[in-house]
Amino acid sequence: MKLFQHSLLSAACACLLLFVVTSCYGQQSDSNYRIAVIPETLSLEVDETARLTGTVRDAGGNAVHDSVFFYSLSRESVSVSRSGLVKGLQPGTFELQAYALTPGNQRLTATIPVEVSFPPITDIAFTGRPGRMYADTRRPVTLSVTDAKGFDRNPGEVTLTSSDSSVAYVDNFGQLHAKKPGAVTITAQAGEATARRRTEVVVNPVTTIELTRKGEQQTRTGDVVRFTASPKNAEGRVIDDMPVEYSLAAQPDNNRGEASPAQVKEDGRFVARKPGTYTVLARAGTVFAEQTIGVEARDIQREVEVVGHALVGDVHTSDLWVWEGVDGNDYAVTGTWGGNGEAYFWDVTDPANMTIIDTVTVDARTVNDVKISEDGRVGVITREGASDRKNGIVILDVRNPHEVEIISEYSEGLTGGVHNAFIYEDHVYAVNNGRRYDIIDISDPGNPETVSRFELDTPGHAVHDVWVEDGIAYSSNWDDGVVAVDVGSTPAADSPETHEVGTGSPENPVQLGSYSYPSGWNHAAFPFRSQSTGDFYVIAGDEAFPNGLFVQDKPTIPAGWIHFIKFEGGWDHPKEVARYRVPEAGTHNFWVKGDTLYVAYYNAGLRVVDISGELMGNLYEQGREIARFVPTHHRGRIPNAAMSWGPHPYKGYIFVSDWNSGLWALKLTD
Amino acid sequence: MKRVLLLLVLFLAGFCHHTAAQTHHLYVAAESEDKVYQLAFDARSGEGDIRDSIAVGQFPTENEGPHGINVGIEGDYWFLSLAHGNPYGWLYKFTTGGNKFVSRTELGMFPASMEMSKVTGLLYVVNFNLHGDMEPGTVSVVDPRAMTVVSEITTGIMPHGSRMSEDGRYQYHVSMMTDELIEINASALKISRRLSVAPEESASASSAANPPGKTEAIAQPTWVDPHPTQGLVYVANNKSNEIVEVDTQRWEVSRRYNTGKAPYNLEISHDGQWLVASYKGEGATGIWNLQSGKEVARITNSRRIPHGVAIAPDSRYAFISVEGIGGEAGSVDVIDLQALQRVEVIEVGKQAGGIVYWKTTY
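As you go down the protein sequences, you meet chains A and B in turn.
For the first sequence, the positions run 1 to 670 when our numbering is used.
For the second sequence, the positions run 1001 to 1362 when our numbering is used.
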């Protein structure tokens, strides 16, 4: 027995020893292999190809096998086949990876640096106005620069010189300064590429400038005043091609550490943010003219009265719609976010006593959007997070809001989730999985039918929301900005140009125009024609959470603002002319009624903004804010934290849904 | 010799003690909560708890849907697919334990399950395209160090269930709407084989020969898992209520098991003894003995919709994520594979789905 125990122990120890030794030996063995790639680095031109070969070698440098595979870490800039055929696609420094197995099945990797050189610049062209300047003026030198592969290159790579600096010279910022009459040649050079432009400097004939203004004599902050400078020669003739620069001197009423209180654009438009006295200067060469303007406070602020509040504290509240029911009473519907798939129906006939009169529960976690048809008979709610992952929309009979009935559930092609929807003339425009919007005929609400889809064709395109007015759908598309689409435009449709009514239809949506901006935060869109000026705008709103969003426990600080886009000269000519930006806060949904903008500005609450007259600059800083209300409640979903989601001005009241505190009814007081 | 004996006794005693006192650590994703939960289950006390909850995504007011989750082969990072983007989904990378966000990269439409290959060190993520047109989907192959997509492999319609062979040489997934099991050569980054897993009498009707958009999937497979030691893979046929065993040498179906309603996920235990399958259609988990080919237990889950399966390395416990419906919280059911009963329920966020075993501590 003793011998048996001894043998057993010995065997166990031997096994342990063998295991340890084998493991160590195996590791040492595999660590001696490496991938040898030839060449070890690559330098390529764009479109040039090269062949990599890889072998697995042992410690002695002997080739073991050549089953080495390759891939690129920058496929759009340098490609490589599995077997090692490389092609440079774009200039820059990149990496390829090689991988293989050791005989012991351990993974080996190697990195191959690749330098794809920039092609030489081959073409430089002067753009902009022809080479004639008046003495004592300046203008930027503009260039078009391309390389041997047709890539646009930075004009900063080009050196600019003048043949006679005493006549004209180029400064470090690419500005050409004309000093005295004469002729010079400006040379633009990069490598072997050269372009020349002869510039003639002529006598500056301007002796006077007539500076006039157009606009209200009684100027308030936020009012845009148009200054026009007419440079004239000694005979009083206007010199049309004389460049004029505008600037201003400011004397704000409150000058204690005030930043720039006004601005003047290059076309002479002026707007003041603060009351004070301002002098606008116009310069043409060495000749100046000035005009002083007094600006008063806009003084339009009003108080907000809380008429009613219905706390929803157990779930986040999402979108809101208010309508007059077929019985003449007033009703509202609100969605819920991250909850149990509920939509709440409210009687808001007496806004001081808003009560839930019915609840519709569907298989969803979020009912983000709620909409009611214009005749108050049909409702649509959107679904996200359905347990069977078939989201889509739910169509409701809301003729009796006390007993709302589900007419149909429609998820055909919409299973990815519908975040937003809009009802317009018996059709639902449903945002489909953030990719496109589907247009669904609900003339027979029990049998909805998709009649078409609208989807952009840009790389990585997306859509967040859509709003339809007079047959034009305005969608908000993150990076792709706002997009206007004719889905059956009517004669009443706002348009920046004369267009053929009914170019598109629900079955055949036709894109009219679009505007995008660098942040890619476009979340909502709303068209509006100014009642005071007749100007047509599309307002684009942002949504962004650079500081995160806190669903449970603490307030959130979103970001983003409202962009005012003017299509002067047609759908193909969008221009962002103004913004409304509250600092340290972020926008969500908004509404325009008359010349007043109502913004649910998330953590900054409801903002009511005067958008009458021409718009320019940041309206927030111009005293255009009429009122604000920051809704919070100590028993809110997140206590004491405003997160205003959607406003709806209705019959003299402003209804607001707040993510944390439910439904509010507000009124502006005099 | 006494010293050696003492060391061996201590070693064995310590080993036995560790087995009883081990704690199992997992991650589970809650798809409608946009959160991932780090869980621990103490085998000695039989109690589980949440060690951390991690908010994920970029658009908090929209549901981005964390769906697939896995831990890298080195164990330093966990990877998460977010189903909804603008409109493409994302792959996120976090540190294990610290749960710090590292980086992310954009993938295809509704990226779902994933696994890393020992051979290539690459991550293979199927883009389920659950909400798109019936068109061929893709498998995104990602370098997890650089978090860069290095290849997109076109595959069947609605691919799902990305799992690697034990040696890391092959990736397996299923094509839900063409009733196929598909094998990818992990090194060549190419599809190497396809096999219909539909019931024989209907296989022709659901073959890949059907034009896109006209498929009539009979089996609708949703998951696949290779056997750890044998040349077999197991496929969950969600629609035809069966589990299919495929012989990878002969590349043919070798056995079919009739299961509970709508088997969705499955996993083979590391000792190769058990197959655990979630029956999404009946709120239960099936435990199969692979040697006998019999279902030895069908255990009712704590909620109605069981989703994912993860099994501890010691093959003792199975962890089932359970979705819940509507506002109902999700959960993770812990099943003792020896006792064949549910021993713990850990409450997590809504629509618990992707689940992965992380590590064992003692």
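No lab work stands behind these hints: they were computed from the structure.
Since this is a predicted model, take the numbers as computed values, not measurements.
Glycine residues also receive a C-beta, built at the ideal position from the N, C-alpha and C atoms.
Keep in mind that the hints are not guaranteed to be accurate.
What the hints assert, rightly or not - Covered stretches of chain A, as calculated for chain B (at least 3 residues, CB under 8 Å): (1) 74–88; (2) 101–112; (3) 339–353; (4) 356–364.
What the hints assert, rightly or not - The list that follows gives simulated cross-link-like pairs (lysine to any residue, SDA-like), each with its CA atoms no further than 25 Å apart: (5) A:K390 / B:G1260; (6) B:K1118 / A:A50; (7) A:K180 / A:V238; (8) B:K1190 / A:S83; (9) B:K1190 / B:I1299; (10) B:K1190 / A:K390.
Unchecked claim - Residues from chain B that keep clear of chain A, each with C-beta distances beyond 12 Å, as calculated: (11) S1032; (12) G1046; (13) G1098; (14) V1102; (15) E1106; (16) T1229; (17) L1290; (18) E1328; (19) T1360.
Hints versus structure:
{"no.": "1", "hint": "74–88", "in the structure": "holds (count 3)"}
{"no.": "2", "hint": "101–112", "in the structure": "holds (count 4)"}
{"no.": "3", "hint": "339–353", "in the structure": "holds (count 3)"}
{"no.": "4", "hint": "356–364", "in the structure": "holds (count 3)"}
{"no.": "5", "hint": "A:K390 / B:G1260", "in the structure": "holds, 22 Å"}
{"no.": "6", "hint": "B:K1118 / A:A50", "in the structure": "violated, 29 Å"}
{"no.": "7", "hint": "A:K180 / A:V238", "in the structure": "holds, 21 Å"}
{"no.": "8", "hint": "B:K1190 / A:S83", "in the structure": "holds, 13 Å"}
{"no.": "9", "hint": "B:K1190 / B:I1299", "in the structure": "violated, 39 Å"}
{"no.": "10", "hint": "B:K1190 / A:K390", "in the structure": "violated, 32 Å"}
{"no.": "11", "hint": "S1032", "in the structure": "violated, 4 Å"}
{"no.": "12", "hint": "G1046", "in the structure": "holds, 29 Å"}
{"no.": "13", "hint": "G1098", "in the structure": "holds, 18 Å"}
{"no.": "14", "hint": "V1102", "in the structure": "holds, 16 Å"}
{"no.": "15", "hint": "E1106", "in the structure": "violated, 8 Å"}
{"no.": "16", "hint": "T1229", "in the structure": "holds, 15 Å"}
{"no.": "17", "hint": "L1290", "in the structure": "holds, 26 Å"}
{"no.": "18", "hint": "E1328", "in the structure": "violated, 8 Å"}
{"no.": "19", "hint": "T1360", "in the structure": "holds, 20 Å"}
Hint compliance for this structure: hints 6, 9, 10, 11, 15 and 18 are not met, and every other hint is.
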